[in-house]
Amino acid sequence: MDHPIEAHHQHPKYALIFGALLILTAVTVAISRVHLGLTGNWALAIGVALFKGSLVGLYFMHLKFEKKQLLWLLLIPVFYALALIIGLLPDLVFGA
Amino acid sequence: LILQVIGAAFDLTGAVQLTNRRMRMQATLTHDQQMPNPLGLTPIKFGLWLFLASEIMFFTGLLGSFIVLRIAQPEIFHEQASELSWPLAGFNTLVLIGSSFTMALGVARAQDGKPKEASSFLLFTLLLGLVFLGVKAFEYSHQFQHGIFPSSSLFFASYFTMTGCHGLHVIAGLIPMFRLFLKGRKGTLTAEGAELLGLYWHFVDLVWIFLFPLLYLL
Numbered sequence: 001m002d003h004p005i006e007a008h009h010q011h012p013k014y015a016l017i018f019g020a021l022l023i024l025t026a027v028t029v030a031i032s033r034v035h036l037g038l039t040g041n042w043a044l045a046i047g048v049a050l051f052k053g054s055l056v057g058l059y060f061m062h063l064k065f066e067k068k069q070l071l072w073l074l075l076i077p078v079f080y081a082l083a084l085i086i087g088l089l090p091d092l093v094f095g096a
Numbered sequence: 001l002i003l004q005v006i007g008a009a010f011d012l013t014g015a016v017q018l019t020n021r022r023m024r025m026q027a028t029l030t031h032d033q034q035m036p037n038p039l040g041l042t043p044i045k046f047g048l049w050l051f052l053a054s055e056i057m058f059f060t061g062l063l064g065s066f067i068v069l070r071i072a073q074p075e076i077f078h079e080q081a082s083e084l085s086w087p088l089a090g091f092n093t094l095v096l097i098g099s100s101f102t103m104a105l106g107v108a109r110a111q112d113g114k115p116k117e118a119s120s121f122l123l124f125t126l127l128l129g130l131v132f133l134g135v136k137a138f139e140y141s142h143q144f145q146h147g148i149f150p151s152s153s154l155f156f157a158s159y160f161t162m163t164g165c166h167g168l169h170v171i172a173g174l175i176p177m178f179r180l181f182l183k184g185r186k187g188t189l190t191a192e193g194a195e196l197l198g199l200y201w202h203f204v205d206l207v208w209i210f211l212f213p214l215l216y217l218l
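Residue numbers (this note's numbering), protein chains in the order written: chain D, 1 to 96; chain Z, 1 to 218.
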């Protein structure tokens, strides 16, 4: 057991995560059937997708058990993408 | 100039010798004393995470530009999105989530030192990946028959670009998966090999989790 990878014997409860992902997929579809206005539907759909994505990242990809700095490494490109979206938005929101 | 070149060459050989010596020294050290593992990960796993970070940039860039385009023409995009079959894509979402689940179980078996059991889960994951590609191919052929091509509109150009790039990632994942499946049969599958493949596969699943609502549902 001198190798760090073999060190963790307990695995996360993958079946639980799988179940949650299935339910959340149903929730995503259900949300799209209800009309909450463009912003409302978008915010909810992206919110649920972010939550599902976090479950996959944290448990299936073990990010929860890695060092926190790794998370920053992965969030930086997401910030770049946000800058891309927000940078282009003024023309769409305030433009003619 | 010649002297400079010779000097540089000397510097270079010196540096190479130094690196060689250092590598030899490290080879004689015990495991704990070796090169520090970045972020507590093995160098190859750290490398894979860096690769995944660049993949995040790639897909968030695509998704980001799609969101901007969509906000610019919400009605047109909504109308064209409704031409896609969300039940088929929903089914594919379940298939891909299921494949992530079987992959996680396979990696866990490999970590427990049971490569044969792990390879059975890898085979199951592989089959689910093929189902996903089959459904996707059916969708594409249906769209082509109805005269829907990437050149049809901005929405469909985005749709084919994003699902196409994602599909290529699925194919790219199935190839090493088949190799590791064979390794597992032989009992030579390592925990790290399974983990690396698992991380990549979960990432591909993660991308689809965002593509499904953004393309098919909104």
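To be clear, the hints were calculated from the coordinates, so they are not data collected in a lab. Treat the hints with care, since some could be wrong.
So the derived list for chain Z, only partly shown, Cβ under 8 Å to chain D, looks like this [as the list claims (entries may be wrong)]: (1) 39; (2) 43; (3) 53; (4) 90.
Computed list of chain Z residues with no C-beta within reach of chain D, every gap over 12 Å [unchecked claim]: (5) 41; (6) 45; (7) 70; (8) 127; (9) 131; (10) 142; (11) 144; (12) 146; (13) 157; (14) 160; (15) 203.
Within a straight-line C-alpha distance of at most 30 Å, the following computed DSS-like cross-link-like pairs (lysine-lysine) qualify [what the hints assert, rightly or not]: (16) 13(D) - 67(D); (17) 67(D) - 114(Z); (18) 116(Z) - 13(D).
We put the CB at the ideal spot given by N, CA and C, even for glycine.
Results for each hint:
Because the closest C-beta pair between residue 39(Z) and chain D is about 5 Å apart, less than 8 Å, the hint holds. About 12 Å separates the beta-carbon of residue 43(Z) from the nearest beta-carbon of chain D, more than 8 Å, and the hint is not met. Look at residue 53(Z): its Cβ gets to within about 6 Å of chain D, closer than 8 Å, so that hint holds up. Here the hint on residue 90(Z) is kept, as its CB sits about 6 Å from the closest CB of chain D, short of 8 Å.
Its beta-carbon lying about 7 Å from the closest one in chain D, residue 41(Z) breaks the requirement of being farther than 12 Å from that chain. A beta-carbon of chain D comes within 12 Å of the beta-carbon of residue 45(Z); the shortest separation is about 9 Å. Here residue 70(Z) does not stay apart from chain D, with its beta-carbon only about 9 Å from theirs, under the 12 Å limit. Non-interface status of residue 127(Z) relative to chain D is upheld: no Cβ of that chain comes within 12 Å, the nearest being about 17 Å off.
In this structure residue 131(Z) is separated from chain D by more than 12 Å, as the shortest Cβ-Cβ distance comes to about 16 Å. Its beta-carbon lying about 20 Å from the closest one in chain D, residue 142(Z) satisfies the requirement of being farther than 12 Å from that chain. Residue 144(Z), annotated as away from the interface, keeps every beta carbon of chain D farther than 12 Å; the closest lies near 26 Å. The claim that residue 146(Z) lies off the interface holds: its Cβ sits roughly 22 Å from the closest Cβ of chain D, which is beyond the 12 Å cut-off.
Look at residue 157(Z): its CB is around 17 Å from the nearest CB on chain D, clear of 12 Å, so calling it non-interface holds up. At the 12 Å boundary, the C-beta of residue 160(Z) stays outside the reach of chain D, the nearest C-beta of that chain being 20 Å off. Distance to chain D contradicts residue 203(Z) as a non-interface residue, since its nearest Cβ pair spans about 7 Å, not more than 12 Å. With a CA separation close to 20 Å, the supplied pair residue 13(D) and residue 67(D) stays within the 30 Å bound.
Restraint check for residue 67(D) and residue 114(Z): the C-alpha separation of about 27 Å stays at or below 30 Å, so the hint holds. Restraint check for residue 116(Z) and residue 13(D): satisfied, since their Cα atoms lie roughly 21 Å apart, inside the 30 Å limit.
Checked against the numbered hints above, the structure violates hints 2, 5, 6, 7, 15; every other hint is satisfied.
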